[in-house]
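Quick mapping for you: the protein sequence lines, in order, are chains H and E.
Our numbering applies: residue 1 is where the first sequence begins, and numbers increase by one.
Our numbering applies: residue 1001 is where the second sequence begins, and numbers increase by one.
Mixed in with the good hints, there may be bad ones.
Said to hold, decoys possible - In silico DSBU-like pairs for lysine-lysine, Cα to Cα no more than 35 Å straight-line:
#1 1197(E) / 1005(E)
#2 128(H) / 1056(E)
#3 1131(E) / 52(H)
#4 1023(E) / 1083(E)
#5 84(H) / 1197(E)
#6 1131(E) / 232(H)
#7 1232(E) / 131(H)
#8 131(H) / 1005(E)
#9 17(H) / 1131(E)
#10 131(H) / 1017(E)
#11 131(H) / 1197(E)
#12 1131(E) / 56(H)
#13 128(H) / 1052(E)
#14 128(H) / 1197(E)
#15 128(H) / 1131(E)
#16 128(H) / 1005(E)
Derived from the structure by calculation, the hints contain no laboratory data.
Computed from a predicted structure; not experimentally measured.
Chain by chain, the residues run as shown.
Number of protein chains: 2
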Amino acid sequence: MKRYKGYLIDLDGTMYKGTEQIKEASIFVDTLIKHNIPYLFVTNNSSQTPEKVAQKLNDFRIQAKPETVFTTSQATANYIWEKKQDATVYCIGEEGLRDALRKRGLQLVDENPDFVVTGIDREISYEKLAKACIAVRNGATFISTNGDIAIPTERGLLPGNGALTSVVTVSTNTQPVFIGKPESIIVEQALQVLGTKKSETVMVGDNYDTDIMAGINCGIDTLLVHTGVTTKQHLSNYEVQPTYTVNTLEEYVNNVF
Amino acid sequence: MKRYKGYLIDLDGTMYKGTEQIKEASIFVDTLIKHNIPYLFVTNNSSQTPEKVAQKLNDFRIQAKPETVFTTSQATANYIWEKKQDATVYCIGEEGLRDALRKRGLQLVDENPDFVVTGIDREISYEKLAKACIAVRNGATFISTNGDIAIPTERGLLPGNGALTSVVTVSTNTQPVFIGKPESIIVEQALQVLGTKKSETVMVGDNYDTDIMAGINCGIDTLLVHTGVTTKQHLSNYEVQPTYTVNTLEEYVNNVF
């Protein structure tokens, strides 16, 4: 195992587990800070602002600031801004997405947008979906913050943004550009924010299908930690293995620092 | 061309066109009535009751009663009733669907249903979709009134029930049973209501992909009329041709009666 100059770090399953703290995760982040190594928390959650995500991490005794959080909403805003700096956007989504788009200087509009963006929206309505479909049929570029099909909750698995997005995909017969993990776009955008090279950076996460695949798709090293979704048994089914695999992030710290 | 003992007849594009009357359609229906030939209007529209559909047809000078209308909502209710007569159903949909399910004696419930049914619902909400996903994940049989991806309106093509249905399909990774055209289920159910044999019945419609395919899938003869969606040019692309093709239904009447 090697030490990297930059760390991209997943949240749920990696830094905490649902409502539970992961002690070894705190040790891992504390170690990065002690060695002045830059890191960025990278999340597919589009609904919350970086401020709220950082607060949540702090509640789990993980050191984090809004500047060390990078959401798929921010990645989406950056991606659109790179395509067209004065773009107009019709947005289905919650506070985190609307906030990120506005902070990037993009203009939220109801009609004739350059882009249609979909993020999880628990106030989804037929009218919102209708506006998105009309805009995509009229030629707006269709972007989705992530393809997550389900969100784990106390009630069970509820529809994720990937499922809501499918209404527009199916109705207009148009595939969106997905931004979040496992796509490489969010990782490319995160690398720009972190400022480290691909060869110097590792993607850390618990979910092979999202975190590790995002790293692989982007061409960076990956570190899988077995504190969340992907078990050792699951992992054995995959042909391309993560660069490193550990049971806890403390195991990585003890090996490398 | 031949005369049949029973006629299954599409609505939009066949009996009227958007807000326009089709004169030859009235002549066709008047001729069936004059010869005491049973017919049934068969529609993928799940939102309206047979009473409202019949009223709309009357407004276009087409003779129709609630008993001569068969909606995909009624087909759905009959289909479920045949599977389980005391079934509980969680329903996403409008008046026409809820009404049809209740009239068939099925019980609409919010939790732990035997069946989840989706029809077009312009009051769709995240909570409704969440309930449907939870129920399907818990083993409820998943049924959709139709796979129509878009609804033509004055504003343009808005999301159809097939697009809304996809939220549950994608989130739960479960394909629904579709009832409406081009599936054979609605035609099978319509034949039971009409009471004629397959060999004696013809499906009449303007849309190859829905009406004619429904007839073909069910194994009955088909009559395509060029007053709606499918033009002569479109039709030439299909390998399996309708049994008969006419420019207007008056052409059929003049040939056969």
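Here's how the hints hold up against the structure:
1. This hinted pair checks out: residue 1197(E) and residue 1005(E) have alpha carbons roughly 8 Å apart, not beyond 35 Å.
2. At roughly 29 Å between alpha-carbon atoms, residue 128(H) and residue 1056(E) fall within 35 Å of each other, so this suggested pair holds.
3. Of the supplied pair hints, the one linking residue 1131(E) and residue 52(H) holds, its CA atoms being roughly 28 Å apart against a limit of 35 Å.
4. A C-alpha spacing of about 41 Å is found between residue 1023(E) and residue 1083(E), which places the hinted pair above 35 Å, so the restraint is violated.
5. For the hint linking residue 84(H) to residue 1197(E), the alpha-carbon distance of about 61 Å lies beyond 35 Å, and the restraint is violated.
6. Annotation: proposed proximity of residue 1131(E) to residue 232(H) holds, straight-line Cα distance about 33 Å (limit 35 Å).
7. For the hint pairing residue 1232(E) with residue 131(H), the CA-to-CA distance comes to about 33 Å; that is within 35 Å, so the pair holds.
8. A hinted pair counts as satisfied when its Cα atoms are at most 35 Å apart, and residue 131(H) with residue 1005(E) does not qualify at roughly 46 Å.
9. Proximity of residue 17(H) to residue 1131(E) is assessed by CA-CA distance (about 25 Å); at most 35 Å being required, the pair is judged to hold.
10. Between residue 131(H) and residue 1017(E) the alpha-carbon distance is near 25 Å, which keeps this suggested pair within the 35 Å criterion.
11. Our distance criterion of 35 Å between C-alpha atoms is broken by residue 131(H) and residue 1197(E), whose separation comes to about 45 Å.
12. For the hint pairing residue 1131(E) with residue 56(H), the CA-to-CA distance comes to about 28 Å; that is within 35 Å, so the pair holds.
13. With a C-alpha separation of about 27 Å, the suggested pair residue 128(H) and residue 1052(E) falls inside the 35 Å cut-off, and the hint holds.
14. A distance of roughly 45 Å separates the Cα atoms of residue 128(H) and residue 1197(E); the hinted pair therefore is violated under the 35 Å criterion.
15. A threshold of 35 Å between alpha carbons decides the hint, and for residue 128(H) with residue 1131(E) the separation of about 20 Å falls inside it, so the pair holds.
16. Annotation: proposed proximity of residue 128(H) to residue 1005(E) is violated, straight-line Cα distance about 47 Å (limit 35 Å).
Consistency with the previously given hints fails for numbers 4, 5, 8, 11, 14 and 16, ordered from lowest to highest.
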